[in-house]
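K.L.:
Take a look at the letters that make up each chain.
Protein chains: 2
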Amino acid sequence: MNLPSPYLLFIGNATDPLSIKMAKSAADWSPEMCVGEYSLPGCSVTTGLPAMTIEEGAQQGAKAFVLGFANSGGVLDPSLVASIITALEAGMDIINGLHDKLADIPEIAEKAQALGRRLIDIRHPTTKFKTGTGVKRPGKRLLTVGTDCSVGKMYTTLSLARGMQSQGIKATFRATGQSGILVAGEGVAVDCVVSDFISGSVEALCPANDDDHWDLIEGQGSLYHPAFAGVSLGLLHGSQPDALVICHALNRDHMRALPGRPLPSLEQVIEMNLTAARITNPDVKVIGVSVNTSSVSEDEALVYCNSVTEQLGLPCVDPIRHGVGALVEALE
Amino acid sequence: MNLPSPYLLFIGNATDPLSIKMAKSAADWSPEMCVGEYSLPGCSVTTGLPAMTIEEGAQQGAKAFVLGFANSGGVLDPSLVASIITALEAGMDIINGLHDKLADIPEIAEKAQALGRRLIDIRHPTTKFKTGTGVKRPGKRLLTVGTDCSVGKMYTTLSLARGMQSQGIKATFRATGQSGILVAGEGVAVDCVVSDFISGSVEALCPANDDDHWDLIEGQGSLYHPAFAGVSLGLLHGSQPDALVICHALNRDHMRALPGRPLPSLEQVIEMNLTAARITNPDVKVIGVSVNTSSVSEDEALVYCNSVTEQLGLPCVDPIRHGVGALVEALE
Numbered sequence: 001m002n003l004p005s006p007y008l009l010f011i012g013n014a015t016d017p018l019s020i021k022m023a024k025s026a027a028d029w030s031p032e033m034c035v036g037e038y039s040l041p042g043c044s045v046t047t048g049l050p051a052m053t054i055e056e057g058a059q060q061g062a063k064a065f066v067l068g069f070a071n072s073g074g075v076l077d078p079s080l081v082a083s084i085i086t087a088l089e090a091g092m093d094i095i096n097g098l099h100d101k102l103a104d105i106p107e108i109a110e111k112a113q114a115l116g117r118r119l120i121d122i123r124h125p126t127t128k129f130k131t132g133t134g135v136k137r138p139g140k141r142l143l144t145v146g147t148d149c150s151v152g153k154m155y156t157t158l159s160l161a162r163g164m165q166s167q168g169i170k171a172t173f174r175a176t177g178q179s180g181i182l183v184a185g186e187g188v189a190v191d192c193v194v195s196d197f198i199s200g201s202v203e204a205l206c207p208a209n210d211d212d213h214w215d216l217i218e219g220q221g222s223l224y225h226p227a228f229a230g231v232s233l234g235l236l237h238g239s240q241p242d243a244l245v246i247c248h249a250l251n252r253d254h255m256r257a258l259p260g261r262p263l264p265s266l267e268q269v270i271e272m273n274l275t276a277a278r279i280t281n282p283d284v285k286v287i288g289v290s291v292n293t294s295s296v297s298e299d300e301a302l303v304y305c306n307s308v309t310e311q312l313g314l315p316c317v318d319p320i321r322h323g324v325g326a327l328v329e330a331l332e
Numbered sequence: 001m002n003l004p005s006p007y008l009l010f011i012g013n014a015t016d017p018l019s020i021k022m023a024k025s026a027a028d029w030s031p032e033m034c035v036g037e038y039s040l041p042g043c044s045v046t047t048g049l050p051a052m053t054i055e056e057g058a059q060q061g062a063k064a065f066v067l068g069f070a071n072s073g074g075v076l077d078p079s080l081v082a083s084i085i086t087a088l089e090a091g092m093d094i095i096n097g098l099h100d101k102l103a104d105i106p107e108i109a110e111k112a113q114a115l116g117r118r119l120i121d122i123r124h125p126t127t128k129f130k131t132g133t134g135v136k137r138p139g140k141r142l143l144t145v146g147t148d149c150s151v152g153k154m155y156t157t158l159s160l161a162r163g164m165q166s167q168g169i170k171a172t173f174r175a176t177g178q179s180g181i182l183v184a185g186e187g188v189a190v191d192c193v194v195s196d197f198i199s200g201s202v203e204a205l206c207p208a209n210d211d212d213h214w215d216l217i218e219g220q221g222s223l224y225h226p227a228f229a230g231v232s233l234g235l236l237h238g239s240q241p242d243a244l245v246i247c248h249a250l251n252r253d254h255m256r257a258l259p260g261r262p263l264p265s266l267e268q269v270i271e272m273n274l275t276a277a278r279i280t281n282p283d284v285k286v287i288g289v290s291v292n293t294s295s296v297s298e299d300e301a302l303v304y305c306n307s308v309t310e311q312l313g314l315p316c317v318d319p320i321r322h323g324v325g326a327l328v329e330a331l332e
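Protein sequence lines correspond, in order, to chains A and B. Residues in the first sequence are numbered from 1 upward in steps of one, following the UniProt record's numbering. Residues in the second sequence are numbered from 1 upward in steps of one, following the UniProt record's numbering.
Bound-form chain A, shown alone (with noise of 0.2 angstroms):
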């Protein structure tokens, strides 16, 4: 993808945390990438990153500025563009992660034809996919799975990758939304293949490896979520994973973006996955629990913890706090 770099992560005016998932992502895992933040006012939220202005962010060599918010649908709002059109004369590309191409915005695509200015739609595959197959192929695959949209799949699965890969375990993170491209560079945005290619997508993303070489499979959405589910199922069978992790959110009161809808229990997250994942790979395990506890203290983050362990007879860690050791342990 040849994605340029150092980025100025642009936040807009969110005000929902999880809405800057991907600017939050290139924060955390691919600092060294990025020069800061810019917001628009009415925005309550940080990347941690220092804020700056575009000119600012220019002037510390940002190369491009990345639209770092998501919503559902991933619709641009119109409000939005002058700051893309002064990052455009400000001497950046664009990195955009939503469905809408910016291509297909009149005032932008004018601006970077006018300047010379790349738009790069990181969402939109390039490639032309064929229909999956569900034939077992060598190498070794871990999916994350999730109760949720949102519940630290990513995170997960990039904190597998560098914790086994610091351990010599040959492992790659397969990126399958527009934050992980942003990290790894590289990937397939699932929720954006045409939905007949979705499993086959997966295949062509994670192909025949070594034996012992281990895709870790970035999850997205839920099984029980009743946007995405479509996704999430044709990513577990084109992933035909040997490993599953179960993805939670801790006190999260109701599914994302859908008041009123309960989260699933983990036994009901685990079986529906074994389920359908058994359709690819008879021989796929449950090997853990990671849960985002940023909600609750160290201590009530390691009851709870615990109580999981016990209930499932499986280990649950937090991997920011408590590392991702006793899962590769699992693994192995």
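Wrong hints could be hidden among the right ones.
Which copy is meant is left open, because identical chains are indistinguishable; a pair holds if it fits in one copy or across any two.
To be verified - With a straight-line cut-off of 25 angstroms between C-alpha atoms, the simulated SDA-like cross-links for lysine to any residue are:
hint, residue 1, residue 2
1, Lys128, Glu107
2, Lys130, Asn13
3, Lys128, Asp104
4, Lys130, Asp100
Worth flagging that the hints you see were computed from the coordinates, not collected in a lab.
Starting from the structure of chain A, add chain B where the hints point.
P.N.:
Frame of chain A; chain B shown alone:
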């Protein structure tokens, strides 16, 4: 959509009867809209309509040349382009149900433009969909689901629609694939929708309706098909079905296009569909089974259907041989 008709059905050099489903559907369900079929040397299947040349089709008044074959992945074989050019020259518009857009094939695009003909890609949605909500809406809905692809979901759904309409029940057939769209003149090909919007597109296809109105929604694929299960699941969640009809083809020895992969049992299909469907409609019920028994005699078909009824406690019919009366009765 305003499709031009009557149709000349082009079946290429097909040898697999299932691969000309689109042409056969139009011939079976809308024969009054078809003048005949056109095939190439090597073709060993037929729609049952009179064979004719493109010139003869034009003389009989054909206004559209329908690419009546489908193949996994939906790619247009380059050897078929010459026939399309001839049909354009003979005065016809082209109706295409493949993933490939006709406008992307320069030879066809140029000829159509020069002659002022329409290239109609009925598989490609022209609507911009929202993501699904899972929120319950008024009206009743039935969805056909399958043990496999191409087992008779569309035929069952159309049979139910005509059967219910003839009894004065408010019922609308909702097409979700190119064949159904060709018959109904409208619909959404869900396997061509960007995967984030599968269930949202189905919510748009069968919106809130009268409390006593039935949307009869054509199913796609199978939750057990490793290539297409994501499409099937999004369709299931977006449909919010009150009633499911399980569709099956008797004596099929492997999943469509996947030699060696056996079909799931009816019990497995019922269990997995109910578990998933309850996410958007906890009151969903399986009301019957529909079997394509064309591989056996009338007597054997009856024996088989009776055995299914005994085994599952559900009405079981071949809609073509036995009608759908038993299913409509179960619905009431």
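K.L.:
Just pull the numbers of the violated hints for me, sorted ascending.
P.N.:
none
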